[in-house]
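There are 8 protein chains.
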Amino acid sequence: LRNGNSEVIYCPGKSLDQITAIFQVLAEKSQNVIATRASRKAYIKIKERIPEAEYFETARIIALWRDKVQTEGIVGVVSAGTADMRVAEEASVTAELMGSRVQRIYDVGVAGIHRLLSNKQLLDSCRVLIVVAGMEGALASVVGGLVSKPIVAVPTDIGYGANFKGVAPLLSMLNSCASGIGVVNINNGFGAGILAHRINLIGEMHENTLS
Amino acid sequence: LRNGNSEVIYCPGKSLDQITAIFQVLAEKSQNVIATRASRKAYIKIKERIPEAEYFETARIIALWRDKVQTEGIVGVVSAGTADMRVAEEASVTAELMGSRVQRIYDVGVAGIHRLLSNKQLLDSCRVLIVVAGMEGALASVVGGLVSKPIVAVPTDIGYGANFKGVAPLLSMLNSCASGIGVVNINNGFGAGILAHRINLIGEMHENTLS
Amino acid sequence: LRNGNSEVIYCPGKSLDQITAIFQVLAEKSQNVIATRASRKAYIKIKERIPEAEYFETARIIALWRDKVQTEGIVGVVSAGTADMRVAEEASVTAELMGSRVQRIYDVGVAGIHRLLSNKQLLDSCRVLIVVAGMEGALASVVGGLVSKPIVAVPTDIGYGANFKGVAPLLSMLNSCASGIGVVNINNGFGAGILAHRINLIGEMHENTLS
Amino acid sequence: LRNGNSEVIYCPGKSLDQITAIFQVLAEKSQNVIATRASRKAYIKIKERIPEAEYFETARIIALWRDKVQTEGIVGVVSAGTADMRVAEEASVTAELMGSRVQRIYDVGVAGIHRLLSNKQLLDSCRVLIVVAGMEGALASVVGGLVSKPIVAVPTDIGYGANFKGVAPLLSMLNSCASGIGVVNINNGFGAGILAHRINLIGEMHENTLS
Amino acid sequence: LRNGNSEVIYCPGKSLDQITAIFQVLAEKSQNVIATRASRKAYIKIKERIPEAEYFETARIIALWRDKVQTEGIVGVVSAGTADMRVAEEASVTAELMGSRVQRIYDVGVAGIHRLLSNKQLLDSCRVLIVVAGMEGALASVVGGLVSKPIVAVPTDIGYGANFKGVAPLLSMLNSCASGIGVVNINNGFGAGILAHRINLIGEMHENTLS
Amino acid sequence: LRNGNSEVIYCPGKSLDQITAIFQVLAEKSQNVIATRASRKAYIKIKERIPEAEYFETARIIALWRDKVQTEGIVGVVSAGTADMRVAEEASVTAELMGSRVQRIYDVGVAGIHRLLSNKQLLDSCRVLIVVAGMEGALASVVGGLVSKPIVAVPTDIGYGANFKGVAPLLSMLNSCASGIGVVNINNGFGAGILAHRINLIGEMHENTLS
Amino acid sequence: LRNGNSEVIYCPGKSLDQITAIFQVLAEKSQNVIATRASRKAYIKIKERIPEAEYFETARIIALWRDKVQTEGIVGVVSAGTADMRVAEEASVTAELMGSRVQRIYDVGVAGIHRLLSNKQLLDSCRVLIVVAGMEGALASVVGGLVSKPIVAVPTDIGYGANFKGVAPLLSMLNSCASGIGVVNINNGFGAGILAHRINLIGEMHENTLS
Amino acid sequence: LRNGNSEVIYCPGKSLDQITAIFQVLAEKSQNVIATRASRKAYIKIKERIPEAEYFETARIIALWRDKVQTEGIVGVVSAGTADMRVAEEASVTAELMGSRVQRIYDVGVAGIHRLLSNKQLLDSCRVLIVVAGMEGALASVVGGLVSKPIVAVPTDIGYGANFKGVAPLLSMLNSCASGIGVVNINNGFGAGILAHRINLIGEMHENTLS
Ligand SMILES: Nc1ncnc2c1ncn2[C@@H]1O[C@H](COP(=O)(O)O)[C@@H](O)[C@H]1O
Ligand SMILES: Nc1ncnc2c1ncn2[C@@H]1O[C@H](COP(=O)(O)O)[C@@H](O)[C@H]1O
Ligand SMILES: Nc1ncnc2c1ncn2[C@@H]1O[C@H](COP(=O)(O)O)[C@@H](O)[C@H]1O
Ligand SMILES: Nc1ncnc2c1ncn2[C@@H]1O[C@H](COP(=O)(O)O)[C@@H](O)[C@H]1O
Ligand SMILES: [Mg+2]
Ligand SMILES: [Mg+2]
Ligand SMILES: [Mg+2]
Ligand SMILES: [Mg+2]
Ligand SMILES: [Mg+2]
Ligand SMILES: [Mg+2]
Ligand SMILES: [Mg+2]
Ligand SMILES: [Mg+2]
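Chains as they are written, first to last, in this note's numbering: chain A, 1 to 211; chain B, 1001 to 1211; chain C, 2001 to 2211; chain D, 3001 to 3211; chain E, 4001 to 4211; chain F, 5001 to 5211; chain G, 6001 to 6211; chain H, 7001 to 7211.
FYI, nobody ran anything at the bench for these hints, they're computed from the structure.
Fair warning: this is a prediction, and the values are worked out from it, not measured in the lab.
Honestly, I wouldn't trust all of these hints.
[As the list claims (entries may be wrong)] Pairs of lysine-lysine residues, derived as BS3-like cross-links and limited to a Cα-Cα distance of at most 25 Å, are as follows:
(1) E:4041 x E:4014
(2) H:7014 x H:7029
(3) C:2029 x C:2068
(4) F:5165 x A:165
(5) C:2041 x F:5014
(6) D:3165 x B:1014
(7) A:165 x E:4165
(8) G:6165 x G:6014
(9) E:4041 x G:6014
(10) G:6068 x G:6047
(11) F:5165 x G:6165
(12) E:4165 x H:7165
(13) E:4165 x D:3165
Model the full structure from these sequences, guided by the hints.
Pasting the structure below:
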């Protein structure tokens, strides 16, 4: 992030050796290091050299987290189906590693809308919401109609045919009839986690200790 | 429709004179005639020659309807915003002229989802539902999650920017996480009315008198 | 489907273990369970634990079907080429498992139009038609011109180059010059089967036993 | 055409004065001159100076035709709806002015397929066929399935919504399940007329007098 | 917004009479009313009946604002060129009417990057930033690289050719190499204003009086 | 082709067993059989049962050709680069198997335009030309500017990035400034061969023996 | 350009008053001022206040040019058809106003390739070439095959249907089989003029006096 | 390049044997030979026969370079992230092999803009700049705002989701608010190297020895 004291590695397109080497270098000059879209193999290799490194399987994140803090405010992460879980976890774990308290509200897609409605109170207890959805991405609009919090919407590439690898929910979220929704790139759980954390920080007393 | 005893004229790209002439010819050989996407001007011209012709302003339909029938079963027409009304009315009036009883359930967009939920009983009383929505078209998914009737979804071109003149709700509806949704072309209220009417007819005793 | 007494699993993106586990859970709480886009491997694994499970090879569907019923009315499934068979079978088997009587009318593409025309009577005997076609998808329009039944059109991704993995027949079907056609997502035989079954149900006397 | 003794002016984007001036220049150095996409206004202006000039209203073509010939072989021009007539006429008139005998077979769209089938003999009497269709462009495939002549397909921009101004029939025609179809640009009746004429010429005895 | 005590009218596609009527109705049941994308003509008509109504020319917003408040925290609105001003003002005025203190930082496009860099301190004084840019939308990335605040990016349709009416900056912003950017629809200054205001509110002591 | 005495199998998506079985069936009821996009493996398997079957390696065509004829007229097949050879050979071999005399004029791309110009006489000796080109597809326009024969243009998917798998040359060919060009689908050498052969046949005396 | 002593105004979307006002301000602080895409009306208004201002009709450029210089080296501007002239002139006049000697080589499209070939010597006399073409944009590849100078390619929006307002030649130019071609936005004659001038300057002795 | 004394082979789609054979043939008739997008395996095979051949790993280029020269002027190659390195090296090595002196300025993406700004002097020392960037491609605009040299921009396919394999930075670069940028195809480092070298040559005294 270059502005804080955490450093992030995006793994795709890098060899195991490259990932490990970059991780080690960053681990020396920075308190916290995260690697996203990381395989378990990469984790095993890094762990050999940096034993405190942790692996978040579903989120596919490797983290070295020496400087832990936690916000008062809550980032809610809402997701539609089980297939969206990897992206939802990437968002949740990223926000947590950054220092945000996270409330997961998963598997509340609009095909069974009552499950979502019965979570209204939980939604209201959050300072900011991340909504993760593939297929047609309607969840973002429905959540946006229920609460007036800032919403970060993440389209996923779950779907086929005229889904066009996430384009359908991306367009859906950009055109939402509910206001107050900012959209990030398809599958970009990481970016959503960062943005939601930054929004969450605004409500903290001792903002500096976290930024 | 060429298979029944009604004839349909699609007005765009035809001059007032052409529309009037075709209407007259069809009025001689067929009991019922409809002209869609028709202006009031076209109506006035036709009325001079065929005084029984009626005009449905919002639906932009001119109709000569000499052979009236009405089904037992109900076609429900659900729409999101006031801007979708023209397309919703094209669907409603088309289905009515074909002989279906129609229940309008308008302005129940997902941004204010409780209005939709409070209409659950009305939705359940219909045999088939037409859902008309622009913007991100999430309404189709939400209705599809509430009922297990056949649904005909009509995307409209209401929106701007990344809406791409109705492409966003079109993709949304094609990718709906709810099952049982058949989609027609953007703004094609007429086609939705025909299809819903044909579905509705299946439940009637004396199908032949209507087809 | 969450509204009936059948549960459905969409297999892509799930491991064999996950599919088996979910299948077992659903088999306990629901009479009927279907898994779509399922491999033979997944079937073998499920069969070890649930011996009544059946496999429909071409349709790629695993089914546990304890609550069998059958409609009076017929869902016709019309398909263009042999390459479209997998999607056509997904539609046919889905409708059958839901309880619909199904009439298959396969390999009647428009390149040899007389084969289709000679099936006119069979088409007329159906309550609702599913039309499955790839390439340019012209079959939907031709069938739509021959009968005035409700039609559910399914574009497939059969083709290459400017076919764009099913976009060509999708657009073709959405723009059909024949009325009364509702379109589902590319390759979505399952969705077409559900929708056609729901339409078919409307004509049954004892609708409740099936819904 | 720069290779024969006819010259062609494409009018859009040119002022009346420019069109008239170019027409006059070409009329001096060439036997035959055509202006396509021409308004009646342009015609009136040209006629003042070149009285033999003719105007083909629907085709929107102005022609000076001093060197008339006619082929034995016939170019058939098949079209779907009345809205496609302008493009069909552009093709027919172009082929006629080039010297081809033309057989018009209009308004035989697939929504009423029996009209097309009853023209089978006429189709068979042609050496080459031009098929003009908008909406979903299915006509090209159906004609291609009926005859084994060379076919030139012209998509038109008739339609709306997911038609994308002719892209739907363009893709349809490029992906036709029938073989032997060459496609020209959307609305390019002129190009189709030229190509069909060149194909027709191959069958003439005294090719040179026409080329 | 349906959740707060302000009501919003989106004017395009509504007649002057409709806008005026809706405005009056809302003015009776709500403290504050805004109409976006409103012409001066609409304003004059509304002012006749509701003299307190104000007009924001560049923002094209008509407002009735009886319940005024102002946040401590600042929403910074950064824009690239003069052509983006209308959208930037829609964002600024919306945020102001909602109750946010707004700092405008206009005409700081990346073609003259030193103007932007010399505003670093001003950027740092804001709680949240809105970045408005057309053409290639690079401004969002550059601002995102300078500060670690939440950023709401608004692509505009300023440009031509391969800009595709705002698609180029939209894609640019979604793919930004800087983290912490949420994107709204092309030209959606209103949505950006709402979202930024909601983020800003999180830092206020007496949140309730404003929400 | 269903209209002649040859039958064609399109191999992709069919198993070796399926291809072999279909080939055998067709070999019994038809004089000639072709399988396109066929692997050498498929050929070896077919040859075991039908020893007269031949394999055209580059064209990827397996053929059983018992009814050989040859036209007087020549189909010229012009191609741009070596990478386009597979498609060019599919076209050439298809036309040859249908009975056309074929003249190959390969590797005459516009980057070295003099090679093409020096083949002008050869081009003029053909009755119809097939032009095969990937990248930007400019070759079709240049050939179209040199001769006034009917041209069948085949875009190939050779290229990368903004080539979009053949879309760039497809659009190029559809928009050619030269007239008289009919375009087939991307990589569709087979379709081009059929169309060119049908055009070529028009000039033969004893057309019937070949059709 | 902010780096030199010329200032440029892009007129679309600005009122006559705005254009005039900006022009005057820039005329006071800079030696040279250009306004592109300017109407004659705007010129007349500016001329009233700044009599030295000149208007280039076809290029649609208003210029105040007090600091005139001229390079030794030549920028060649090659264009395909008369319809591309406005963009070609925008490029030529821009380069000239910047100080480059310009050689116009217009109306040498590939449909009549000999006109282009006969200009080979002229092409060779230039230091850098701008190639302006619409339709399928093949001209850039042909010129690129003839010379090994740096080429700046400008696609224009001349064409219709599958031309997609200049997308066809844009893709064509980006995929050219000839090397050494840099592409600018559709219709961006101005940008091409600037880039070619900057390339031309590299060959001048006294570069500083011009930059 | 066909105009100089170097020959180039594009490897994708060719077998190792084909690449080796072509390389050998060209090595006999030309001083210099390059193969791009080449694997180490291909290099090993070629080296067996032509021991002077060199391999540039990151650039994936095999070169036989017997005729070495070097320009006075410098081609600067600026790149955004480590993932863009392969394309940047393809550009750098190509320009070097052609004879240009190259200055690499890598890893100066806009997310950390101060690294770029601190290289201002180095940028100014170059005659022409190549800018290589993926993601949103903003780097081209920022560099274009800092210097007034000719810029060759190369979009890369680094990114995911709405990046569309390089389309996002391609559009970004074509729409840059900075002037003087010519764009090549996605990942086309080779083409950028050729173009920049040709521009660079213009400033050399003894141009002929290099062209
Ligand atoms: N509003 C509409 N939207 C879509 N299709 C329509 C509409 N109105 C009429 N049609 C169809 O257009 C055909 C009539 O077209 P035409 O012969 O051009 O008037 C009818 O057979 C209908 O199927
Ligand atoms: N309706 C048309 N559609 C496509 N191309 C045309 C048409 N009419 C003329 N052309 C072509 O446009 C060229 C004339 O263009 P121009 O010199 O601009 O008048 C002719 O050589 C024809 O090939
Ligand atoms: N400029 C705007 N851009 C996007 N959405 C808007 C804009 N102005 C109003 N809206 C939304 O449109 C809704 C009102 O639409 P309507 O009922 O059609 O006037 C409001 O609830 C807002 O969320
Ligand atoms: N290479 C090819 N490209 C396009 N169409 C082909 C090709 N080969 C065969 N066909 C067409 O595909 C049909 C055979 O398809 P199938 O029945 O699936 O084997 C034939 O009737 C041909 O029209
Ligand atoms: Mg809300
Ligand atoms: Mg449902
Ligand atoms: Mg029908
Ligand atoms: Mg045929
Ligand atoms: Mg930042
Ligand atoms: Mg020609
Ligand atoms: Mg060259
Ligand atoms: Mg610059």
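- Item | Restraint check for residue 165 of chain A with residue 4165 of chain E, where alpha carbons must lie at most 25 Å apart | 23 Å, holds
- Item | Holds or violated: residue 3165 of chain D to residue 1014 of chain B, with C-alpha atoms at most 25 Å apart | OK: residue 3165 of chain D and residue 1014 of chain B at ~17 Å, within 25 Å.
- Query: Between residue 5165 of chain F and residue 165 of chain A, is the straight-line Cα distance small enough, at 25 Å or below?
  - Reply: Status holds; Cα separation ~18 Å.
- Message: Checking one constraint from the list: CA of residue 4165 of chain E to CA of residue 3165 of chain D, max 25 Å. Satisfied?
- Response: 17 Å, holds
- Are residue 4041 of chain E and residue 6014 of chain G close enough, with their CA atoms no more than 25 Å apart? 20 Å, holds
- Message: Does residue 6047 of chain G sit within 25 Å of residue 6068 of chain G, going by the straight-line distance between their CA atoms?
- Response: 19 Å, holds
- Item | Pair hint residue 6165 of chain G and residue 6014 of chain G, alpha-carbon separation not exceeding 25 Å | 23 Å, holds
- Task: Measure nothing beyond the straight line between the CA atoms of residue 2029 of chain C and residue 2068 of chain C; if it is 25 Å or shorter, mark the hint as holding.
- Result: 17 Å, holds
- Query: Has the given pair, residue 5165 of chain F with residue 6165 of chain G, been kept, meaning a C-alpha gap of at most 25 Å?
  - Reply: Measuring from Cα to Cα gives roughly 21 Å; hence the hint holds.
- Query: Given the proposed pairing of residue 4041 of chain E with residue 4014 of chain E, does the C-alpha separation stay at or below 25 Å?
  - Reply: Roughly 13 Å separates the two Cα atoms, so the pair holds.
- Query: Given the hinted pair residue 7014 of chain H and residue 7029 of chain H, is their alpha-carbon gap at most 25 Å?
  - Reply: 21 Å, holds
- Quickly compare the C-alpha distance for residue 2041 of chain C and residue 5014 of chain F to 25 Å and report which way the hint goes. Status holds; Cα separation ~20 Å.
Of the hints listed earlier, there is not a single one the structure fails to meet.
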